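Line by line, the protein sequences are chains C and Z. Take the first sequence: its letters are residues 1 to 184, numbered as in the working numbering. Take the second sequence: its letters are residues 1 to 452, numbered as in the working numbering.
Because the hints were derived from the structure by calculation, they are not lab data. Quantities reported herein were computed from a predicted structural model and do not represent experimental measurements. Some clues are possibly wrong.
Unchecked claim - Here are the simulated lysine to any residue pairs, SDA-like style, with alpha carbons at most 25 Å apart:
id, chain 1, residue 1, chain 2, residue 2
1, C, Lys84, C, Asp64
2, C, Lys87, C, Gly146
3, C, Lys53, Z, Gly450
4, C, Lys88, Z, Gln24
5, C, Lys8, Z, Phe231
6, C, Lys53, Z, Glu23
7, Z, Lys8, C, Asn175
8, C, Lys88, C, Lys62
9, C, Lys14, Z, Met14
10, C, Lys157, Z, Met14
11, C, Lys62, Z, Arg407
12, Z, Lys8, C, Ile174
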Amino acid sequence: MDFSQLVKDCLKQKPIAQRQLYAHFAPLMMGVCYRYTKSVTDAEDVLQEGFVKVFRSLHSYKGDGELGAWIRRIMVTTALNYLKRHKKYRAEMLFTEAPLHPVTDENPALQLDAKQLAELIRQLPTGYQTIFNLYAVEGFTHVEIGQMLGISDGTSKSQYSRARALLTEWIHQINRKVEQYAGK
Amino acid sequence: MPENNFEKQVNALMEGFTVQPSEQPWQKIEPQITNREKRRRGILYLCLLLTLLTGWGIYSSINTTTENALAESHTTPAKKTTVEPVNTQKLTNPAVQPKIPAVVPAAQIPITKNIIQQPATAPAANSTVQQQPYKNGSTAKRIQRSSTTTTSVVTASIDELIETGQAVQPVAIDDTEANGFALSEKALLHPADTTLATDTACLESAVVKAKTDTAGSITSTTIRQTKGWTFWAQVAGGVGATGTGYQSQLPASGYYFGSLSNEVSQGGGPFNSAIRSASLIRRGASFSAGIHAQNTLSSRWAISTGMQYRYLSTAIAVNKRNDSIVAGNTGTYNNAYHFVMVPVTLQLTAGFNHKLPLYLQAGVHVGLLVGTNALQFDNRTGNYYADNDIFNTMQAGIHAAAAINLRNKKHLPLLIGPVLEYSLTPVAAKGFYGNTHYSFIGLQVKQQLGKK
Numbered sequence: 001m002d003f004s005q006l007v008k009d010c011l012k013q014k015p016i017a018q019r020q021l022y023a024h025f026a027p028l029m030m031g032v033c034y035r036y037t038k039s040v041t042d043a044e045d046v047l048q049e050g051f052v053k054v055f056r057s058l059h060s061y062k063g064d065g066e067l068g069a070w071i072r073r074i075m076v077t078t079a080l081n082y083l084k085r086h087k088k089y090r091a092e093m094l095f096t097e098a099p100l101h102p103v104t105d106e107n108p109a110l111q112l113d114a115k116q117l118a119e120l121i122r123q124l125p126t127g128y129q130t131i132f133n134l135y136a137v138e139g140f141t142h143v144e145i146g147q148m149l150g151i152s153d154g155t156s157k158s159q160y161s162r163a164r165a166l167l168t169e170w171i172h173q174i175n176r177k178v179e180q181y182a183g184k
Numbered sequence: 001m002p003e004n005n006f007e008k009q010v011n012a013l014m015e016g017f018t019v020q021p022s023e024q025p026w027q028k029i030e031p032q033i034t035n036r037e038k039r040r041r042g043i044l045y046l047c048l049l050l051t052l053l054t055g056w057g058i059y060s061s062i063n064t065t066t067e068n069a070l071a072e073s074h075t076t077p078a079k080k081t082t083v084e085p086v087n088t089q090k091l092t093n094p095a096v097q098p099k100i101p102a103v104v105p106a107a108q109i110p111i112t113k114n115i116i117q118q119p120a121t122a123p124a125a126n127s128t129v130q131q132q133p134y135k136n137g138s139t140a141k142r143i144q145r146s147s148t149t150t151t152s153v154v155t156a157s158i159d160e161l162i163e164t165g166q167a168v169q170p171v172a173i174d175d176t177e178a179n180g181f182a183l184s185e186k187a188l189l190h191p192a193d194t195t196l197a198t199d200t201a202c203l204e205s206a207v208v209k210a211k212t213d214t215a216g217s218i219t220s221t222t223i224r225q226t227k228g229w230t231f232w233a234q235v236a237g238g239v240g241a242t243g244t245g246y247q248s249q250l251p252a253s254g255y256y257f258g259s260l261s262n263e264v265s266q267g268g269g270p271f272n273s274a275i276r277s278a279s280l281i282r283r284g285a286s287f288s289a290g291i292h293a294q295n296t297l298s299s300r301w302a303i304s305t306g307m308q309y310r311y312l313s314t315a316i317a318v319n320k321r322n323d324s325i326v327a328g329n330t331g332t333y334n335n336a337y338h339f340v341m342v343p344v345t346l347q348l349t350a351g352f353n354h355k356l357p358l359y360l361q362a363g364v365h366v367g368l369l370v371g372t373n374a375l376q377f378d379n380r381t382g383n384y385y386a387d388n389d390i391f392n393t394m395q396a397g398i399h400a401a402a403a404i405n406l407r408n409k410k411h412l413p414l415l416i417g418p419v420l421e422y423s424l425t426p427v428a429a430k431g432f433y434g435n436t437h438y439s440f441i442g443l444q445v446k447q448q449l450g451k452k
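Take the sequences, apply the hints, and build the full model.
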């Protein structure tokens with residue numbers, strides 16, 4: 001697909017091009033939004049808000065990077081703003097140290113598919129979930145995460161470690177069940 | 001590294017993770033991006049409309065005759081009424097005629113130029129026009145409202161009054177026209193079945209060409225976004241005034257004294273006071289529209305200039321007892337001033353690194369008063385009249401504004417904020433507006449034009 005032409009057409013406010021752009025990127029971006037939120041409704045709200053920003057900011061896309069990555073950054077930023085803004089997420093975005101979860105450095109083998117892993121990530125407390133997504137999936141550094149969330153990089157690190165430990169524990173449990181099921 | 005293995009596995013799994021959204025998000029997205037386009041079109045249409053209005057305003061102000069302006073402003077919707085008996089008696093009885101000062105200082109006699117003669121063709125109306133030859137060869141025209149009924153009175157020329165020391169018997173004229181505009185001076189000129197006491201069977205209808213004048217302008221400042229010139233459309237709306245101080249409502253010194261209560265308490269009704277005082281000049285709605293070009297001087301400073309049209313208005317409550325010999329139906333006359341201005345504005349971007357920077361603007365402007373229908377006032381006779389020669393056509397002033405950008409930095413800036421203007425040049429060198437200045441306070445909106 002010729003994204004540069006698509007972008008030009010979108011800038012000319014051509015409805016077909018806008019719809020085409022949305023249709024192409026919406027599933028992938030919905031996956032991003034899904035990982036940051038706790039419900040499909042919230043994910044769709046973020047998706048909608050994010051795409052409105054995308055279309056309004058499209059004139060600032062210079063074409064020097066991948067369009068998908070550019071849209072993804074907007075989605076992540078929109079998701080973070082959404083979490084900070086909404087009451088049900090805001091309390092957990094304060095990143096207090098309690099309750100603490102044990103830290104582990106285990107590296108379990110992932111015998112899960114993407115959907116299952118995404119569901120596990122969504123089971124994490126919101127603060128853990130956010131930092132895990134930003135670090136493990138998006139690839140931001142703890143310094144960058146600290147700047148994005150207004151916390152120290154040390155807090156980001158500790159939160160990530162505990163998120164990772166919790167996730168590892170759940171993965172172990174799933175692996176054990178899978179092995180038990182396979183053994184039978 | 002084992003730790004990296006986990007993150008890599010997660011990253012690889014999540015990289016292509018997709019979830020098919022429902023149709024609902026797109027249904028919400030589509031109207032938002034479409035409405036935005038409609039809003040943008042709306043802004044363009046608004047600019048176009050303002051441009052047309054500006055052109056129309058300038059054109060009409062240049063071509064508006066004083067005749068029409070005065071007739072409109074001095075006439076309330078006319079109704080056929082009867083003369084109030086008491087007033088009529090007073091007016092027609094020489095014994096109760098007001099004592100007119102024997103001498104009227106020549107300097108206070110207003111002069112109206114560009115008068116052309118027209119034959120009288122219409123029936124009488126409810127205003128009084130007084131055409132007076134003066135010793136210097138020019139003529140003056142007076143318009144005066146009548147009593148609480150819409151009956152008008154034609155009085156003698158001031159010269160005659162001066163010479164004889166008596167008032168000429170006024171003539172009551174029934175109002176027969178349906179609306180105020182019909183009460184033009186043409187209508188007043190025809191004696192019809194009434195008796196005009198003056199020997200001017202055909203009174204002149206004055207067509208006073210709109211004289212040019214200048215007045216305060218508005219700021220034209222913009223945000224500095226990119227290097228080079230940027231172009232901006234600007235509109236502002238607010239309140240304008242002419243006064244001795246900023247936004248003052250008072251008429252010029254010497255033209256506001258006495259009061260209704262004083263006059264009445266003297267026991268003779270409205271004729272007891274030889275010196276009349278003008279009504280307050282009240283603030284009126286004002287607006288401006290223009291185009292500006294802006295250039296950056298540094299990261300914080302920018303300069304802009306352009307051209308704009310300014311409409312400024314004030315209001316006078318006419319026909320009060322204190323401002324007319326015979327108090328009549330009170331009405332509000334709108335003094336309208338039309339300016340074309342060239343402002344030069346410096347802009348300082350304060351709080352440069354903040355998300356919501358403040359733009360401080362200040363500058364000077366020069367302007368030209370291209371037209372006005374504003375009335376002068378003669379405190380000896382209590383008459384309002386038009387004389388555009390008195391106004392200073394060229395105006396110089398200062399202005400200041402503050403603004404914030406309503407849009408984020410990825411969009412073309414839309415600035416909004418308060419604006420103040422003050423004209424350093426007096427409205428007029430003498431008379432009613434002597435030592436008064438134009439001023440304007442309002443809200444200004446500026447939109448950068450073109451592509452980001």
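Each hint, compared with the structure:
With a C-alpha separation of about 30 Å, the suggested pair C:Lys84 and C:Asp64 falls outside the 25 Å cut-off, and the hint is violated. For a cut-off of 25 Å, the pair hint linking C:Lys87 to C:Gly146 stands: about 21 Å separates their Cα positions. Taking the CA atoms of C:Lys53 and Z:Gly450, the gap is near 20 Å; set against the 25 Å cutoff, the hint holds. With a CA separation close to 22 Å, the supplied pair C:Lys88 and Z:Gln24 stays within the 25 Å bound.
Of the pairs offered as hints, the one joining C:Lys8 and Z:Phe231 holds, with about 24 Å between alpha carbons and a cut-off of 25 Å not exceeded. Only pairs whose Cα atoms come within 25 Å are accepted, and C:Lys53 paired with Z:Glu23 is accepted, the gap being roughly 18 Å. The hinted pair formed by Z:Lys8 and C:Asn175 meets the criterion: a straight-line CA distance of about 18 Å does not exceed 25 Å. The straight-line distance between the Cα atoms of C:Lys88 and C:Lys62 is roughly 37 Å, outside the 25 Å bound, and the hint therefore fails.
In summary, the hint linking C:Lys14 to Z:Met14 is not supported, as the alpha carbons are separated by about 32 Å, beyond the 25 Å threshold. At most 25 Å may separate the alpha-carbon atoms for a hinted pair to count; C:Lys157 and Z:Met14 meet this at roughly 21 Å. Taking the CA atoms of C:Lys62 and Z:Arg407, the gap is about 20 Å. The hint holds against a cut of 25 Å. Proposed proximity of Z:Lys8 and C:Ile174 is supported: the alpha carbons are some 19 Å apart, at most 25 Å.
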